[in-house]
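Chemist: The chain contents come next:
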Amino acid sequence: DGGITQSPKYLFRKEGQNVTLSCEQNLNHDAMYWYRQDPGQGLRLIYYSQIVNDFQKGDIAEGYSVSREKKESFPLTVTSAQKNPTAFYLCATGGHKQKVVRDTQYFGPGTRLTVL
Amino acid sequence: DQQVKQNSPSLSVQEGRISILNCDYTNSMFDYFLWYKKYPAEGPTFLISISSIKDKNEDGRFTVFLNKSAKHLSLHIVPSQPGDSAVYFCAASAPGGSNYKLTFGKGTLLTVNP
Chain A
6 DGGITQSPKY LFRKEGQNVT LSCEQNLNHD AMYWYRQDPG QGLRLIYYSQ IVNDFQKGDI
66 AEGYSVSREK KESFPLTVTS AQKNPTAFYL CATGGHKQKV VRDTQYFGPG TRLTVL
Chain Y
914 DQQVKQNSPS LSVQEGRISI LNCDYTNSMF DYFLWYKKYP AEGPTFLISI SSIKDKNEDG
974 RFTVFLNKSA KHLSLHIVPS QPGDSAVYFC AASAPGGSNY KLTFGKGTLL TVNP
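Protein chains in written order, with my numbering: chain A, 6 to 121; chain Y, 914 to 1027.
Bound conformation, chain A alone:
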């Protein structure tokens, strides 16, 4: 069954703790992305990675970190430095490097993080 898996669906953490959100894909897509969604806001890009062992900051990278050790996996760590970590986090994939035409991004089901 092909797709994007994000786990867990709901996550609770105490303030000051780091937490890592999982994102796994078996679509063989080269690029992976992390977004957050807040009420009344669009999706804002946190980090993205176009190939293994390489990633770039998005628009709101402060307080977050990522790694891309495998093509299938792109975990996001929300650190204690993130001022407002409570949000809905979405992972997306896309972008076959072989394609000339720009590709579409496909989203996982999301993780709702609540920091108490």
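Think of the hints as simulated: they come from the structure by calculation, not from any bench.
One or more of the hints may lead you astray.
[As the list claims (entries may be wrong)] Listed next, the stretches of chain Y that the computed footprint assigns to chain A, with coverage defined by at least 3 CB atoms under 8 angstroms from CB atoms of chain A:
| no. | stretch |
| --- | --- |
| 1 | 923-929 |
| 2 | 989-1000 |
| 3 | 1018-1026 |
[Said to hold, decoys possible] Calculated pairs, BS3-like style, for lysine-lysine (alpha carbon to alpha carbon, straight line, at most 25 angstroms):
| no. | chain 1 | residue 1 | chain 2 | residue 2 |
| --- | --- | --- | --- | --- |
| 4 | Y | K1014 | Y | K918 |
| 5 | Y | K951 | Y | K918 |
| 6 | Y | K984 | Y | K967 |
| 7 | A | K76 | Y | K1014 |
| 8 | A | K14 | Y | K951 |
| 9 | Y | K918 | Y | K969 |
| 10 | Y | K984 | Y | K1019 |
| 11 | A | K14 | A | K75 |
| 12 | Y | K984 | Y | K1014 |
| 13 | A | K75 | A | K62 |
| 14 | Y | K969 | Y | K951 |
| 15 | A | K75 | Y | K1014 |
| 16 | Y | K918 | Y | K981 |
| 17 | Y | K981 | Y | K969 |
| 18 | Y | K918 | Y | K967 |
| 19 | A | K62 | Y | K1019 |
| 20 | Y | K1019 | A | K14 |
| 21 | A | K88 | Y | K969 |
| 22 | Y | K1014 | Y | K951 |
| 23 | Y | K951 | Y | K1019 |
| 24 | A | K76 | A | K14 |
| 25 | Y | K981 | A | K62 |
| 26 | Y | K918 | Y | K1019 |
| 27 | A | K62 | Y | K918 |
Here a beta-carbon is modelled for each residue, glycine too, at the ideal position from N, C-alpha and C.
For this one, chain A is given, so just place chain Y on it according to the hints.
Modeler: This is chain Y only, laid out in the frame that chain A set:
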């Protein structure tokens, strides 16, 4: 500075009628546009896209129109169905090597009443 704007936070239509969702953009470098549909607590689902070389793209009940001179695009849903009730996001991207970054609007909540 918002580069992609969806000025209507919400829209309500009757089942069977047309739904028109609007989106404006300011970055003249954008050349690829997408519409996503999102239910609460789920990830967005890709609906339809359009390249700037076209002014219309149709897929079943969904049609996207692009007016480059006005930097405006719209999504038409005909006929609207209750299952179409969701938040719709407009997104855009600019060319730049293999950089597939998307810029999203804030979304429009569509409610289709039976």
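Chemist: So, for every hint listed, does it hold in this structure?
Modeler: Taking the hints in turn, this is what the structure says about them:
With a cut-off of 8 angstroms between beta carbons, the stretch 923-929 of chain Y has 0 residues touching chain A; three or more are needed, and the interface restraint is violated. Under the rule that three or more residues need a Cβ within less than 8 angstroms of chain A, the assignment of the stretch 989-1000 of chain Y is violated, with 0 such residues. Under the rule that three or more residues need a Cβ within less than 8 angstroms of chain A, the assignment of the stretch 1018-1026 of chain Y holds, with 3 such residues. As the CA atoms of K1014 of chain Y and K918 of chain Y are separated by approximately 17 angstroms, the hinted pair is consistent with the 25 angstroms bound.
Between K951 of chain Y and K918 of chain Y the alpha-carbon distance is near 17 angstroms, which keeps this suggested pair within the 25 angstroms criterion. Between K984 of chain Y and K967 of chain Y the CA atoms are separated by roughly 13 angstroms; this keeps the pair inside 25 angstroms, and the hint holds. As the CA atoms of K76 of chain A and K1014 of chain Y are separated by approximately 18 angstroms, the hinted pair is consistent with the 25 angstroms bound. At roughly 16 angstroms between alpha-carbon atoms, K14 of chain A and K951 of chain Y fall within 25 angstroms of each other, so this suggested pair holds.
For the hint pairing K918 of chain Y with K969 of chain Y, the CA-to-CA distance comes to about 20 angstroms; that is within 25 angstroms, so the pair holds. As the CA atoms of K984 of chain Y and K1019 of chain Y are separated by approximately 17 angstroms, the hinted pair is consistent with the 25 angstroms bound. Between K14 of chain A and K75 of chain A the CA atoms are separated by roughly 22 angstroms; this keeps the pair inside 25 angstroms, and the hint holds. Proposed proximity of K984 of chain Y and K1014 of chain Y is supported: the alpha carbons are some 19 angstroms apart, at most 25 angstroms.
Between K75 of chain A and K62 of chain A, the direct Cα distance comes to roughly 18 angstroms. Compliance with the 25 angstroms bound is thereby established for this hinted pair. Under the criterion of a C-alpha separation no larger than 25 angstroms, the hint pairing K969 of chain Y with K951 of chain Y is consistent with the structure, at around 23 angstroms. Taking the CA atoms of K75 of chain A and K1014 of chain Y, the gap is about 21 angstroms. The hint holds against a cut of 25 angstroms. The straight-line distance between the Cα atoms of K918 of chain Y and K981 of chain Y is roughly 15 angstroms, inside the 25 angstroms bound, and the hint therefore holds.
For the proposed pair K981 of chain Y and K969 of chain Y, the alpha carbon gap of about 11 angstroms is at most 25 angstroms, so the pair holds. For the hint pairing K918 of chain Y with K967 of chain Y, the CA-to-CA distance comes to about 21 angstroms; that is within 25 angstroms, so the pair holds. Of the pairs offered as hints, the one joining K62 of chain A and K1019 of chain Y holds, with about 21 angstroms between alpha carbons and a cut-off of 25 angstroms not exceeded. Between K1019 of chain Y and K14 of chain A the alpha-carbon distance is near 23 angstroms, which keeps this suggested pair within the 25 angstroms criterion.
Of the supplied pair hints, the one linking K88 of chain A and K969 of chain Y is violated, its CA atoms being roughly 42 angstroms apart against a limit of 25 angstroms. Between K1014 of chain Y and K951 of chain Y the alpha-carbon distance is near 19 angstroms, which keeps this suggested pair within the 25 angstroms criterion. Only pairs whose Cα atoms come within 25 angstroms are accepted, and K951 of chain Y paired with K1019 of chain Y is accepted, the gap being roughly 12 angstroms. For the proposed pair K76 of chain A and K14 of chain A, the alpha carbon gap of about 22 angstroms is at most 25 angstroms, so the pair holds.
About 30 angstroms separates the Cα atoms of K981 of chain Y and K62 of chain A, which puts this hinted pair outside 25 angstroms; it is violated. Between K918 of chain Y and K1019 of chain Y the CA atoms are separated by roughly 7 angstroms; this keeps the pair inside 25 angstroms, and the hint holds. With a CA separation close to 23 angstroms, the supplied pair K62 of chain A and K918 of chain Y stays within the 25 angstroms bound.
Violated hints, listed in ascending order, are 1, 2, 21 and 25; each of the other numbered hints is respected by the structure.
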